[in-house]
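*Asks:* Listed below are the residues making up each chain.
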Amino acid sequence: MIPDLLATCKQGIIEKLREVGISGLPKSKLPGTSKSKLQAVEELEKSQVIVNIGTTKSSRYILKEFEKLVPEKAARKKIIKKTVSAELFDKPESIIDIIDIIEKNAIAASSDILTQKELTKGCKGSAADVEEAIRQLSESHKLLKLKSSKTIYFLHISKIQSLMPSVQPVSENKAISELNRERILGAYRKISERIRFPDVEIYALQQEIGCDMETLKAFLLEESRKGNAVLSYGDWSLSDENIRSAAIHIRGKAHLLVHFKH
Amino acid sequence: MENFNPFRKEDENVSEPRIVEAEKTVSGLNEMPLKQLLKKFEDLKKGQAPRRIKGAYAHFILSSQPGYGKSHLIGRLFRSLSEQAVLVYIRPFGSTSSYWQSVLMNMINELRFPDKIGIEYGNKKEPSQLEMFAYGIIRSLLVSAIENRMISVKDEKRVLNAFCKCSLEDFRSSQNRVQWVRNNLKKLASCLQSILNLSESAQSWLSVLFEYAYFPESELRIACLDWLKGGSLDPDEAKNIGIGVRSIHTDSDTNELCKHRLLDFCQLAGFFRPFVFCFDQTENYGENQNLAKIFGLVVQVLADEAYNHLTVVTANQHVWQKSVEPYWEEAYKSRLGPPIRLEGLNRIQASELIERRFGKDNADKKAEFIGDKQWLNQLYEDRYEIGVREFLQECRDRWQTMFENGIAEKPLLSDVYKQYLSRIDKSQPKRFVFDPDTFRWFVKDAAANLPETQVKEYKSEKGYFTLLWKFKDREILFGFEAGSNWARWQAITREAQKYYEAKRQKVKAVLFRTPELQKLPAARWKIAPVMEKAGQQYLHIFCLERQQLMMLYAAYDLYLNAVSEDIPFQKQDVLRFISEEFGWFWETIQQPIAIKKEAGVSEPDGIKKELIEEIRGIVEHEKFLNMDEAMKKLSESVSAELFRKACCCIPQIRVHDSPTVKVLQWQSNQ
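Protein sequences appear in the order of chains A and B. In terms of numbering that gives the first Met the number 0, the first sequence has 178 at position 179, counting the first letter as 1, and numbering is strictly consecutive. In terms of numbering that gives the first Met the number 0, the second sequence has 604 at position 605, counting the first letter as 1, and numbering is strictly consecutive.
Hints are computed from structural coordinates only; laboratory data are not their basis. Predicted model, so just to flag it, every value in this text is computed and none were measured. Honestly, I wouldn't trust all of these hints.
Straight line, CA to CA, 20 Å or less: simulated DMTMM-like cross-link-like pairs of lysine to aspartate or glutamate [as the list claims (entries may be wrong)]:
1) Lys372(B) x Asp128(A)
2) Lys260(A) x Glu380(B)
3) Lys115(B) x Glu199(B)
4) Lys123(A) x Glu367(B)
5) Lys321(B) x Glu354(B)
6) Lys632(B) x Glu612(B)
7) Lys608(B) x Glu586(B)
8) Lys225(A) x Asp381(B)
9) Lys364(B) x Asp96(A)
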């Protein structure tokens with residue numbers, strides 16, 4: 000790995016952990032791409048800049064300098080144990096749970112914009128955790144903060160996604176960004192209208208565009224990750240070799256069809 | 000608690016849409032497709048009775064892969080339209096010559112479900128859909144006749160008011176009211192005749208509906224059902240019901256007749272509630288290109304000719320595109336509405352599904368199962384939505400890894416079959432009726448690989464036999480007749496005799512009979528002696544017991560689900576399994592009648608007479624049971640070998656061997 004990249008990644012992690020304080024973050028929520036992050040976390044942990052106060056399976060990293068502020072490990076364990084046994088009565092929520100609830104509230108609400116109270120209805124976590132959940136959602140561009148005089152409102156991205164102009168996929172892979180998104184969508188629409196079905200064979204799409212198959216697959220996978228496209232199995236046994244060759248594999252399963260959400 | 004498993008495979012497939020539980024539905028999932036269908040249904044309720052509303056097309060529900068919840072959506076639709084629509088779930092039909100007959104029969108069987116969703120099938124306190132349909136039409140006609148002064152009543156307003164409050168049960172409970180309705184049936188019939196253009200006489204229709212709705216214990220009910228299914232009736236029964244001579248039908252084109260009966264039903268629905276027809280598991284029509292075409296024709300006729308219905312067709316897109324649509328004419332394609340695509344579960348809905356599966360009482364296990372949600376994040380790493388079945392499979396794998404002995408191996412087909420057997424027994428009592436599609440499929444598709452047997456589509460001269468098995472030295476003809484009209488059976492016997500004589504006695508005819516149907520021949524029939532004699536030579540009426548029916552229907556379901564990719568087995572696996580498992584069925588059919596009669600077995604030495612008598616008593620009483628169960632019922636235990644030998648001493652007992660089970664059947668005609 001390029002040392003500069005590693006150093007940037009380390010710096011990002013330190014800044015992030017300083018920001019969240021003693022609540023800390025699981026490894027998955029630390030900034031950085033998976034490769035650089037793994038190495039950065041390992042080195043920071045070795046040099047005792049950060050420390051994992053959770054478990055190997057369920058990590059929770061904080062800055063070493065904050066460790067004194069959190070209860071001793073034994074006490075932490077006690078708290079965890081107590082919480083588990085009390086779960087039936089008062090379920091503690093992780094930040095991920097809170098994010099789930101907030102997103103659910105935001106999507107299900109009949110009005111598009113919500114106050115923080117409406118947004119966090121039903122959240123049982125601490126105020127800090129709720130704040131953290133909102134911050135994470137805002138950072139990942141899922142939740143928009145709107146200010147009107149002194150009041151802050153929140154708007155979930157799903158409410159306005161259809162009104163947004165399409166955005167070029169951001170990727171490290173240059174070839175993907177070069178592939179014109181509109182061109183692919185246009186080809187998709189054309190085939191979909193012709194066959195009168197919403198799901199289109201990836202192979203047919205590639206044939207229509209005439210682009211490199213691997214580039215198209217990478218693009219579709221990226222669109223799937225973002226929720227713009229849905230990949231599905233189709234029927235392997237009824238498909239010929241060409242159609243099969245265009246399969247995108249997710250968790251070992253071949254996906255032959257793609258559907259774009261409009 | 001030890002056996003608690005929120006992700007059991009058995010709970011995954013929807014075998015019967017009426018048992019879909021609302022509380023297990025994830026909020027928001029496929030809400031839009033459901034709303035679209037409900038909105039279309041609302042259009043059918045507009046205006047005054049009799050309504051004559053035609054939908055432009057069938058609503059086309061598409062799933063991009065199996066397991067997106069097509070049948071589940073139908074279940075939710077049924078639940079939403081309980082007591083507002085006449086709900087009909089149509090399994091795939093398998094005949095290219097009697098398809099309307101199958102659709103109509105399926106429809107009548109569905110109409111026998113309780114009117115209210117959630118009520119157990121066969122609950123006599125709750126009216127069935129058919130009873131409510133019949134009552135609703137007669138009531139609507141009565142109201143209209145009173146309002147138009149065709150029927151005069153003393154206090155019109157009060158009577159009409161009472162009508163609105165009067166339930167079917169109230170009506171049945173008063174002999175005077177029932178008699179009053181009967182007295183006015185002719186007037187109602189003429190009123191009906193002037194409003195609708197029915198293919199059958201309005202008098203026949205009303206007489207059948209009246210008999211069915213007002214006399215739940217009547218012996219004529221079966222005859223009414225026969226008539227509604229397009230079957231022919233015994234003239235005496237027809238007369239007692241009030242069906243006109245022209246409406247009896249003994250020798251007409253039954254398929255065409257069934258189509259018109261169905262169209263009549265839809266016209267009549269204008270006085271009551273619209274129909275909802277749901278064609279599910281349509282992948283099965285792709286098994287045969289003619290069948291695919293016929294299905295297109297059915298959809299076209301419904302869209303063009305039938306009033307007052309919402310038709311829903313579900314499909315897995317890719318299979319449909321490759322194996323059904325290519326055989327559809329443009330006219331058929333245009334009768335399908337724009338596809339309504341089903342959605343997969345997003346991450347939030349996935350979490351909700353887990354919550355619902357665990358319920359409120361399993362918080363510890365749930366917390367442990369959910370863990371830090373990393374596995375869930377990984378599952379959604381590359382996609383935003385996942386098919387419900389795929390997600391449940393992931394959950395099941397995780398559950399088995401965490402709390403059981405690792406991921407279970409693929410289940411055995413025989414175990415899945417046993418699950419189907421139990422499911423039919425417990426939750427699908429409506430299935431224990433004559434289903435020609437199942438019988439036809441068994442002797443046509445499932446029998447295709449039987450050794451030394453050539454299976455052929457066939458049409459006998461009079462059309463009573465539509466399938467043929469050809470062996471080296473003999474033939475078997477198959478007919479599928481559910482009716483109990485002596486004249487029709489006389490004609491069937493005559494045609495069978497003709498073949499028997501023409502082929503120098505090397506042919507027999509097989510017809511299936513199920514427990515709910517009248518025993519044949521009826522003692523009072525003039526042709527009874529002829530039929531009995533024919534039964535010893537060439538006419539084999541195969542009377543299936545409830546248990547046997549259950550086995551046949553479970554096997555057929557297994558096959559349909561394999562084709563729809565709802566189970567992890569190929570259709571060839573299922574066919575292979577059936578040809579082994581159903582040895583008893585094939586043997587019974589293949590057995591020449593003459594040989595069967597000669598097969599008396601002498602009593603071997605060393606078997607106590609008491610044991611033979613005890614076994615005789617048990618099997619005669621139970622009619623059809625597992626050999627192990629029968630052995631347990633003996634007062635003294637004996638070895639399986641001795642038991643088997645004792646059975647051989649009783650000519651009425653037939654032992655059916657299969658790799659998994661040995662079944663004893665009582666054959667009273669031996």
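*Asks:* Each hint should be assessed against the structure and marked as holding or not.
*Replies:* Outcome of the hint check:
1. Restraint check for Lys372(B) and Asp128(A): the C-alpha separation of about 17 Å stays at or below 20 Å, so the hint holds.
2. The straight-line distance between the Cα atoms of Lys260(A) and Glu380(B) is roughly 18 Å, inside the 20 Å bound, and the hint therefore holds.
3. Note on Lys115(B) and Glu199(B): the hinted pairing is violated, with a Cα-Cα distance of about 29 Å set against a maximum of 20 Å.
4. At roughly 19 Å between alpha-carbon atoms, Lys123(A) and Glu367(B) fall within 20 Å of each other, so this suggested pair holds.
5. With a C-alpha separation of about 38 Å, the suggested pairing of Lys321(B) with Glu354(B) is violated against the 20 Å cut-off.
6. Restraint check for Lys632(B) and Glu612(B): the C-alpha separation of about 13 Å stays at or below 20 Å, so the hint holds.
7. With a C-alpha separation of about 29 Å, the suggested pair Lys608(B) and Glu586(B) falls outside the 20 Å cut-off, and the hint is violated.
8. The straight-line distance between the Cα atoms of Lys225(A) and Asp381(B) is roughly 8 Å, inside the 20 Å bound, and the hint therefore holds.
9. Pair hint Lys364(B) plus Asp96(A) holds up; C-alpha atoms about 17 Å apart against a cutoff of 20 Å.
Hints 3, 5 and 7 from the earlier list are contradicted by this structure; the remaining hints agree with it.
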